[in-house]
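These protein sequences, in sequence, are chains F and G. The letter at position 55 of the first sequence is residue 55 when you use the numbering used here, and the numbering goes up by one with no holes. The letter at position 40 of the second sequence is residue 40 when you use the numbering used here, and the numbering goes up by one with no holes.
It is possible that part of the hints are untrue.
Stated by the list, open to error - Just so you have them, the derived chain F footprint on chain G, three or more residues with Cβ under 8 Å:
#1 4 to 18
#2 22 to 33
#3 81 to 91
#4 94 to 100
FYI, nobody ran anything at the bench for these hints, they're computed from the structure. All C-beta atoms in this analysis are idealised placements derived from N, C-alpha and C, irrespective of residue type, glycine included.
There are 2 protein chains.
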Amino acid sequence: MRRYFHPETADIQLPAVLFALSDATRLGIAVALSDGKERTAGELGGGIAKSTMTHHLKILREAGVLYVRSEGTRCYNSLRLADLESRYPGLLDHLLGVATRDGYGPADARHRPSDAVTGAGRSA
Amino acid sequence: MRRYFHPETADIQLPAVLFALSDATRLGIAVALSDGKERTAGELGGGIAKSTMTHHLKILREAGVLYVRSEGTRCYNSLRLADLESRYPGLLDHLLGVATRDGYGPADARHRPSDAVTGAGRSA
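Take these sequences, add in the hints, and give me the full structure.
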C-alpha cells in the first residue's frame with residue numbers, strides 16, 4: 001500500500017494553498033470535494049488525462065488541501081476541511097463559495113463559455 | 001508615459017488572483033499596499049532585485065490585483081481594493097488578514113524564521 005506525503009496541519013502554508021487553488025481544474029476538484037466525501041481520481045477527472053489528474057492531485061495534496069487514503073489498489077481523495085478550518089478559519093469556505101458562484105466545478109471547469117473569451121483558468 | 005494593461009473588473013478571474021497571491025513576496029507586497037496608499041517599486045522592494053520586483057508587480061497587475069499609475073518617470077502601485085471588493089466581496093480582506101497574521105509583509109516576507117524550516121514561500 002503506497003504511502004503519500006501529507007504536510008502536518010501546522011506546516012500548511014498560505015502561499016502553497018493559494019497556488020494549489022490557482023488553477024481552474026484544481027479549483028474544480030476542490031469544489032467537487034467540498035461536500036466532504038471521498039472520490040477517486042477517476043470520479044473527479046471527467047475527461048482529464050490520468051497523468052494530468054495525478055499532477056493536479058499531487059499539488060493539492062502537498063499543499064495540505066487534499067488527503068489521499070489508499071485502500072488496496074485504489075486511492076480516495078478528500079479535502080482536509082477540518083485541518084484547513086483550524087489553520088485558516090473560514091478561508092476555504094469563502095474561496096470555494098466564490099469559486100462555485102463563478103462556475104468552477106468538476107466537469108465544467110475547462111468548458112465554461114467565458115473561458116474562451118476572458119482567458120479564465122490560465123494558471124499563468 | 002508608459003501605458004500598462006489592467007484587466008477590466010468583470011474580467012478579473014479567481015485562479016489568476018490566487019496565483020498572484022501564491023508567492024510570499026507578492027503576498028507581502030499586497031499586505032504592504034493594503035492600507036490603500038500608492039507606493040513605488042523601490043518603496044515596496046526592500047532588498048529585492050529590481051527585475052524580480054518588476055516581474056512580481058506585473059503578475060499582480062495582470063491578475064487585476066494591482067493598479068499602476070505612471071507619472072513622469074515614476075510608477076505608483078496600489079491595490080484595486082474597490083474593484084476586488086465588488087468582484088469578490090470580503091475575499092481580499094480575508095486573505096490579507098490571514099497573510100498578515102502569518103507574518104507576510106513587505107520587508108519580512110523572505111526572512112521569517114519559519115521559512116527555512118518549512119519551506120514557506122516557495123511558489124512551487
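Taking the hints in turn, this is what the structure says about them:
{"no.": "1", "hint": "4 to 18", "in the structure": "holds (count 6)"}
{"no.": "2", "hint": "22 to 33", "in the structure": "holds (count 4)"}
{"no.": "3", "hint": "81 to 91", "in the structure": "holds (count 3)"}
{"no.": "4", "hint": "94 to 100", "in the structure": "holds (count 4)"}
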